[in-house]
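Novice: Work out the full structure, taking the sequences as your base and the hints as a guide.
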Amino acid sequence: MSSSAVSHPVSGVDHCFTLVSDLDRSMEQFRRLGFTLSPRGLHSEKMGSANTTAVFEAGDYFELLGIIAPTEQNKSKRDQLESDGEGLRAIACQIGDARDAREKLAALGLSTTEVVDFERPVPLPNGEQTKAAFSITQFEARDVPFGTVFMCQHHTRDAVWIPALLNHRNGAKGLGGIVAAVAD
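In terms of numbering that gives the first Met the number 0, the sequence shown is residues 0 to 183.
Warning: the hint list may mix true and false statements.
Derived SDA-like pairs: lysine to any residue, alpha-carbon spacing no greater than 20 angstroms straight-line [said to hold, decoys possible]: (1) Lys103 to Asp157; (2) Lys130 to His153; (3) Lys103 to Lys74; (4) Lys130 to Asp116; (5) Lys172 to Gly11; (6) Lys172 to Ile90; (7) Lys172 to Lys45; (8) Lys130 to Glu44; (9) Lys103 to Arg88; (10) Lys103 to Ser10; (11) Lys45 to Asp157; (12) Lys172 to Ala182; (13) Lys130 to Thr155; (14) Lys74 to Gly146.
Derived CB-CB ranges, DEER-like [to be verified]: (15) Thr147 to His7: 14 to 24 angstroms; (16) Arg77 to Val181: 30 to 40 angstroms; (17) Pro122 to His154: 14 to 24 angstroms; (18) Asp183 to Thr147: 13 to 23 angstroms; (19) Arg30 to Leu123: 16 to 26 angstroms; (20) Glu127 to Val181: 40 to 50 angstroms.
Note that these hints are calculated values from the structure, not bench results. Where is the CB? At the ideal position from N, CA and C, for every residue including glycine.
Specialist: Structure follows, in structure tokens:
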């Protein structure tokens, strides 16, 4: 496949995540700012992390990600928190199929990691639970000057964009932009 015949598979920003040192404190801060947050979600024991999201009508969202138990899997995030503190650490790009996106990016000369499939439980506002399933591939760290940029395929969009979570007291409807500043 020649690169001139390949269209770029990224169609926008899916979500971004902010790494926080105290998830409960951060959730309270964002609620005071007028965001409706999803119930706290626990990732697998291997991941050692938990999150909450603010989902928007525009089809994007932001995630607050906290470490709840030290694991080998989250060592780099713990190291980031220690060296750089809290802040924006990752941007997830919107794509269709993760494997197709990886192939198209390779044809364009952009290296990505292997595709990883995973799921996490999602507590629903009514007390029930469902699962959110994803496939991701990320740009190689050498090609990203700050944080992580990855592509995210949603297999269960309805488990993330829950209607009861779309209305925010502050009127937020979507991500207006993402700004990252680096020294060089």
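Novice: Compare the structure with each hint and give your call.
Specialist: Against the structure, the hints:
no. : hint                                 : in the structure
1   : Lys103 to Asp157                     : violated, 27 angstroms
2   : Lys130 to His153                     : holds, 11 angstroms
3   : Lys103 to Lys74                      : violated, 31 angstroms
4   : Lys130 to Asp116                     : holds, 13 angstroms
5   : Lys172 to Gly11                      : holds, 16 angstroms
6   : Lys172 to Ile90                      : holds, 18 angstroms
7   : Lys172 to Lys45                      : violated, 34 angstroms
8   : Lys130 to Glu44                      : holds, 16 angstroms
9   : Lys103 to Arg88                      : violated, 25 angstroms
10  : Lys103 to Ser10                      : holds, 13 angstroms
11  : Lys45 to Asp157                      : violated, 25 angstroms
12  : Lys172 to Ala182                     : violated, 31 angstroms
13  : Lys130 to Thr155                     : holds, 8 angstroms
14  : Lys74 to Gly146                      : holds, 14 angstroms
15  : Thr147 to His7: 14 to 24 angstroms   : holds, 19 angstroms
16  : Arg77 to Val181: 30 to 40 angstroms  : violated, 21 angstroms
17  : Pro122 to His154: 14 to 24 angstroms : holds, 18 angstroms
18  : Asp183 to Thr147: 13 to 23 angstroms : holds, 18 angstroms
19  : Arg30 to Leu123: 16 to 26 angstroms  : holds, 18 angstroms
20  : Glu127 to Val181: 40 to 50 angstroms : holds, 43 angstroms
Hints 1, 3, 7, 9, 11, 12, 16 from the earlier list are contradicted by this structure; the remaining hints agree with it.
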